[in-house]
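Asks: One letter stands for each residue in the lines below.
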Amino acid sequence: MLNGLDIEGNSPLHRMPVRGKLILLFAAAIGLFLVSDLRILVPALGLSAFLYLSTGIGFREALRRVRFVLFTVLLVAAANYAFHSLHEALVVLCRLSALVLLAAAVTATTSISAFMDEITRLLRPLERFGFVRAADVSLAVGLVIRFVPEIFARYGEIADAHRARGLPVRPLTTLVPLIILTLKDADTIAMAIDARGFRRH
Amino acid sequence: MTTRDIVLVALFAAIIVVLGLLPPLTLGFIPVPITAQTLGVMLAGCILGARRGAAAVLLVLLLVAIGLPVLSGGRGGLAVFAGPTAGYLVGWFFGAYVCGLIAERFVREDQPELAQFLAFLAASVAGGIAVVYLFGIPWLAYMSGKAFFETALASMVFVPGDLIKAFVAMLAGRAVLAGYPLLPQRA
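For the protein sequence lines, the chains are A and B, in the order given. Note that the first sequence covers residues 22 to 222 in the working numbering. Note that the second sequence covers residues 10 to 196 in the working numbering.
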């Protein structure tokens, strides 16, 4: 049910280390906001689109993933066109779409485990000060991925139970039992984790 | 955090993800369909309290960032944080925290029912709406270039839907407090 958004491949972006990609993305974001010259922004948008499509993602899938964010970008650009000028609208459109496509390219070329490794490494300095334990974060991520299908199925059961009793399926009457039933599992799951000694102190 | 707290945070994050998988609710009297996911942000604060609630939201945002399509409509990946509405996502984290702080401070199990309802409503409106917009609107305004005022104004169309969610969060928060209280055990 929960599959990552990374695409298998061997493009230059795939081979780049995660940290390098994130630093470049961050630098690109700052650069795009410093520039408001269309002679730079239009080629930048072209380059981002090329990088995104060079990850081996099909055009249709590429568009499906970013269409919602691009839609909000388009709305913002339309507002600029309506209340200011076409030039402003084009600047905002190119800047934001380029950034969105670059970010999508990083996501498409980085597997979830590679991201988690990088996050564990980034958390290590925090761990030294006792803020958070990196192992706990990966445990929590694993638990979410494990339990989403189960909770989704439970929602289906609660909705079915409503229909069987001839009750309308209302958000409130399904939400409360869903939350209580789910959170009640916490004790047994926590016990199971402690019994296996996953979190050594 | 104890193991139980980590499990509660993870399970609540999973509930927020599931809320995004459900079809959006359409209510007759407002035109915009409501996604239940922001309701999860209010509920995280109202049910788990400040620290655990904010941690649950942060966990969802982490899943988004590492490329899982866990936001409503199957959205996910770093592109979401690059878009003009990313400020609202950042606001979720602080919103859940503030919501939890207010709920922890003002909700007591021995209160009359009405006082509990009002405290949960105040927590949901302050944390789940005010704080979320406080981060969302300046971010959107900055990303919008010159039309910052117009886009900020346009985002107000979501307020009625959010008020309905705050009301649902109030009812659900109080019902969960009656059925399985977690808020009093401060973490």
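Be aware that one or more of the hints could be misleading.
[Claimed, not checked] Residues from chain B that face chain A, not an exhaustive set, calculated with beta carbons under 10 Å:
| # | residue |
| --- | --- |
| 1 | Phe21 |
| 2 | Ala23 |
| 3 | Ile56 |
| 4 | Ala64 |
| 5 | Leu77 |
| 6 | Val79 |
| 7 | Leu123 |
| 8 | Phe126 |
| 9 | Ala139 |
| 10 | Leu143 |
| 11 | Ile146 |
| 12 | Ala156 |
| 13 | Tyr189 |
[Said to hold, decoys possible] Calculated lysine to aspartate or glutamate pairs in the EDC-like style (CA-CA distance at most 16 Å, straight line):
| # | chain 1 | residue 1 | chain 2 | residue 2 |
| --- | --- | --- | --- | --- |
| 14 | A | Lys205 | B | Asp14 |
| 15 | B | Lys155 | A | Asp58 |
| 16 | A | Lys205 | A | Glu171 |
| 17 | B | Lys155 | A | Glu109 |
Keep in mind the hints are simulated off the structure, nothing from the lab. From a predicted model like this one, the values you see are computed outputs, not experimental measurements. For glycine and all other residues, C-beta sits at the position ideal for the given N, C-alpha and C.
Asks: Find the hints from earlier in the document that the structure breaks and name them by number, from lowest to highest.
Replies: Of the numbered hints given earlier, those the structure breaks are 7, 8, 9, 10 and 11, listed in rising order.
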